[in-house]
Amino acid sequence: MTIPEPGALLKDWLAPAPWDAASINAHLAASTPESIGLPVLLVAAVTLPSALAWRWLRGPASWPGALAIIAAGWLLLDLPWQWELAHRLADTQTRFAAVPATERPGRTEHAGAFNTANSVSPIIEASPGRIFVASLDEGIGMLTAYYLYPLNPYWARSGPQLPPPGSVRPGDYILALPPVTLRYDRDRRHLLDGDTHWPARLVTARPWGALFRAL
Amino acid sequence: MDLALALLALLPLALPVLWLWRLLAPRGARRWLVVGYGLLGGLLGWPLLLRGLDALGIPLAPGLLWVLFVGLALATVLVPRGRPGAPAPVTNPGILPGGNGRLILVLLGALLVLRLGGLALEVYWRPLYPFDATMHWATKARVWSAYRELLPFVDNAQWLLEVDGRVFTDHHPAYPRTVPLLQAWMALAVGYWHPSLVNLPWLLCVLALGAAFYGQAREAGAQPLAALVFLWFLLTLPLLNTHVALAGYADLLLGTAYCLALMALFNAIQQGARWQWVLAFGCALGCALIKNEGFFWMLTLLPACWAAWRGGPGLLLAMAAVGAVAVAVLLFFPRELVVAGHSLASLDLYYRPGSLAAIGRSLFLFDNWHFGAWLPPVLLALVAWRAPWGLRQCAPVLAALGSALVLFIFLFTCTQFAIGAIRHTAVGRISLHLLPASLFLAGLLYGYLLQESQLAKKEER
Numbered sequence: 237m238t239i240p241e242p243g244a245l246l247k248d249w250l251a252p253a254p255w256d257a258a259s260i261n262a263h264l265a266a267s268t269p270e271s272i273g274l275p276v277l278l279v280a281a282v283t284l285p286s287a288l289a290w291r292w293l294r295g296p297a298s299w300p301g302a303l304a305i306i307a308a309g310w311l312l313l314d315l316p317w318q319w320e321l322a323h324r325l326a327d328t329q330t331r332f333a334a335v336p337a338t339e340r341p342g343r344t345e346h347a348g349a350f351n352t353a354n355s356v357s358p359i360i361e362a363s364p365g366r367i368f369v370a371s372l373d374e375g376i377g378m379l380t381a382y383y384l385y386p387l388n389p390y391w392a393r394s395g396p397q398l399p400p401p402g403s404v405r406p407g408d409y410i411l412a413l414p415p416v417t418l419r420y421d422r423d424r425r426h427l428l429d430g431d432t433h434w435p436a437r438l439v440t441a442r443p444w445g446a447l448f449r450a451l
Numbered sequence: 014m015d016l017a018l019a020l021l022a023l024l025p026l027a028l029p030v031l032w033l034w035r036l037l038a039p040r041g042a043r044r045w046l047v048v049g050y051g052l053l054g055g056l057l058g059w060p061l062l063l064r065g066l067d068a069l070g071i072p073l074a075p076g077l078l079w080v081l082f083v084g085l086a087l088a089t090v091l092v093p094r095g096r097p098g099a100p101a102p103v104t105n106p107g108i109l110p111g112g113n114g115r116l117i118l119v120l121l122g123a124l125l126v127l128r129l130g131g132l133a134l135e136v137y138w139r140p141l142y143p144f145d146a147t148m149h150w151a152t153k154a155r156v157w158s159a160y161r162e163l164l165p166f167v168d169n170a171q172w173l174l175e176v177d178g179r180v181f182t183d184h185h186p187a188y189p190r191t192v193p194l195l196q197a198w199m200a201l202a203v204g205y206w207h208p209s210l211v212n213l214p215w216l217l218c219v220l221a222l223g224a225a226f227y228g229q230a231r232e233a234g235a236q237p238l239a240a241l242v243f244l245w246f247l248l249t250l251p252l253l254n255t256h257v258a259l260a261g262y263a264d265l266l267l268g269t270a271y272c273l274a275l276m277a278l279f280n281a282i283q284q285g286a287r288w289q290w291v292l293a294f295g296c297a298l299g300c301a302l303i304k305n306e307g308f309f310w311m312l313t314l315l316p317a318c319w320a321a322w323r324g325g326p327g328l329l330l331a332m333a334a335v336g337a338v339a340v341a342v343l344l345f346f347p348r349e350l351v352v353a354g355h356s357l358a359s360l361d362l363y364y365r366p367g368s369l370a371a372i373g374r375s376l377f378l379f380d381n382w383h384f385g386a387w388l389p390p391v392l393l394a395l396v397a398w399r400a401p402w403g404l405r406q407c408a409p410v411l412a413a414l415g416s417a418l419v420l421f422i423f424l425f426t427c428t429q430f431a432i433g434a435i436r437h438t439a440v441g442r443i444s445l446h447l448l449p450a451s452l453f454l455a456g457l458l459y460g461y462l463l464q465e466s467q468l469a470k471k472e473e474r
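From first to last, the protein sequence lines stand for chains A and B.
First residue of the first sequence: 237, per this note's numbering; consecutive thereafter.
First residue of the second sequence: 14, per this note's numbering; consecutive thereafter.
Simulated from the structure, these hints should not be mistaken for lab results.
Bear in mind that the values here come from a model prediction, so they are computed numbers and not experimental data.
Please note that a few of the clues may not be correct.
Unchecked claim - Each computed SDA-like pair below joins lysine to any residue, with the alpha-carbon atoms no more than 20 Å apart:
hint	chain 1	residue 1	chain 2	residue 2
1	A	K247	A	Q318
2	B	K470	A	R294
3	B	K470	A	G295
To be verified - Partner residues aside, some chain A positions facing chain B, computed with beta carbon under 10 Å:
hint	residue
4	I359
5	P400
6	V404
We put the CB at the ideal spot given by N, CA and C, even for glycine.
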């Protein structure tokens with residue numbers, strides 16, 4: 237493992253990063269592989285022994301002082317986190333505060349899925365049916381399905397893009413969102429994936445993909 | 014207007030505060046405890062009530078729900094008042110520290126206001142964002158609020174066979190209903206699916222956790238400043254803050270329910286107070302209403318009761334019993350039988366190399382918890398050395414968290430969920446279920462060290 241230069245570590249530690257999809261799972265406090273883990277390790281390695289040393293040098297009544305040292309170490313880690321939160325809040329305010337609530341998802345990384353769902357929802361609402369969301373991209377498929385609710389979408393996290401032809405009934409919608417391996421045979425009015433085919437007519441084709449209705 | 018409606022919608026979730034206040038007639042720091050447990054009671058109880066109405070075939074019409082709320086609020090007068098002659102709280106008298114101590118109190122209070130204020134604005138502005146929220150929590154909330162009915166969600170295969178267009182599917186159709194019902198209620202009250210305001214209950218949840226933590230810490234004998242320092246540790250945990258800012262997951266709510274259950278259990282054992290037992294029992298049951306893992310965390314409170322019943326040596330016996338039960342389950346439990354969403358067969362049991370190191374990194378090196386995960390083991394070692402009598406006192410908490418830790422490590426090293434540790438996609442947020450309770454343990458351990466030094470001082474005199 238390479239130990240980073242103190243200046244580089246400090247710069248990495250104090251550089252605020254925006255919220256992203258991984259934020260909900262972990263907070264690393266640093267971005268470069270050699271820096272991850274060092275802020276916590278360094279602060280804990282200095283703070284906890286210092287607190288113990290304080291207690292043993294000053295006698296039994298000095299536990300509150302030891303706690304104060306621990307709190308100071310905590311503050312050292314928490315100030316960069318507060319700084320990062322402040323930056324993230326400012327970004328959130330800029331992106332969403334003046335935007336009507338129903339349009340806010342369009343200002344996030346979900347914008348593509350949100351706009352796609354908004355494009356097809358009126359068509360489906362006019363003539364309701366079940367909706368199969370087909371995409372090889374997990375994020376695109378899942379998010380588009382989410383923005384289609386409270387319509388009745390189907391998105392399978394694992395497995396084929398579409399269920400077997402027998403499971404798709406006439407009147408169901410198929411929303412094909414690239415990347416997909418599905419092809420449309422306009423003459424035969426079939427959606428094809430290898431040897432498998434689903435009878436369907438094209439409802440609309442847009443840059444984000446295409447909506448079909450099963451026949 | 015939307016914000017006003019959303020704030021009004023929090024009132025039913027806060028109603029149990031009023032009931033607990035009347036029942037317990039709290040004084041001093043116990044008021045915080047009442048606020049915390051009351052709020053969690055509302056966060057768990059109001060969705061239960063919505064489920065009850067739906068089971069009776071009553072539509073979830075906002076007007077009807079508001080009438081019901083007013084009725085329940087008026088029914089507060091029927092809640093018996095706490096008797097003035099009830100036993101006095103065992104908390105410290107609550108002497109405020111002087112000089113520097115008071116300055117630190119103000120400083121920590123200001124830091125907490127800054128943190129919670131910022132998080133509140135994040136919730137207010139940011140639309141629903143995180144992955145699982147859009148995959149299987151808010152999906153149900155959107156449907157139920159739109160149809161004003163808890164329409165069924167089934168798995169993909171079942172959905173394909175359905176002919177009724179009012180049957181839905183998502184990635185985890187059988188997950189508990191509490192979290193989506195909280196969002197559905199907010200949408201019903203605001204009048205449409207507001208992608209930010211549906212998340213306001215997460216703010217209430219963090220307030221519940223903080224208030225109950227402070228109240229129970231004081232109840233356990235902590236001085237105001239020490240209780241506030243540990244509260245500050247708790248409410249500044251980065252991953253906990255993240256789960257408020259990027260609201261939509263169930264983990265914060267489960268961490269809150271488990272922490273509140275364990276704190277109440279500890280103080281119930283210490284004080285013998287019946288109402289603390291009721292709080293502990295209610296919060297423990299609540300765990301199972303939030304997430305499938307909650308059922309297993311709830312079970313870890315059984316060794317805690319065992320340790321309390323058998324005294325100090327009970328801790329070792331409890332851990333041995335947990336080990337024996339675990340081995341028996343692995344050997345003899347039907348492999349296909351599903352309990353709380355899992356079966357032994359689906360867990361695909363074998364050790365995954367690399368997972369233990371990943372758990373260690375997540376707990377001790379990543380900044381998920383600052384160095385909050387270091388505190389319990391360090392303080393535990395110190396108490397074992399300097400104040401071993403403290404181990405007997407907190408044996409129930411050690412038994413519960415010890416069992417939970419064994420389960421946690423087993424889950425992320427020997428089951429299919431190990432991938433969530435190795436890729437750091439789950440281990441951090443599942444730790445959130447246990448970290449708040451672990452910090453309560455750290456606070457208790459610090460208190461024993463403090464007591465030991467005071468005893469030593471007296472002996473010197």
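Do the hints match the structure? See the list:
1. A:K247 with A:Q318: The given pair, whose Cα atoms are some 16 Å apart, holds under the 20 Å limit.
2. B:K470 with A:R294: With a Cα-Cα distance of about 13 Å, the restraint between K470 of chain B and R294 of chain A holds, given a limit of 20 Å.
3. B:K470 with A:G295: Holds. K470 of chain B to G295 of chain A sits at ~10 Å (cutoff 20 Å).
4. I359: violated (16 Å)
5. P400: Hint on P400 of chain A: holds, closest Cβ of chain B at ~9 Å, below 10 Å.
6. V404: holds (9 Å)
Hint 4 from the list above is the single one not met by this structure.
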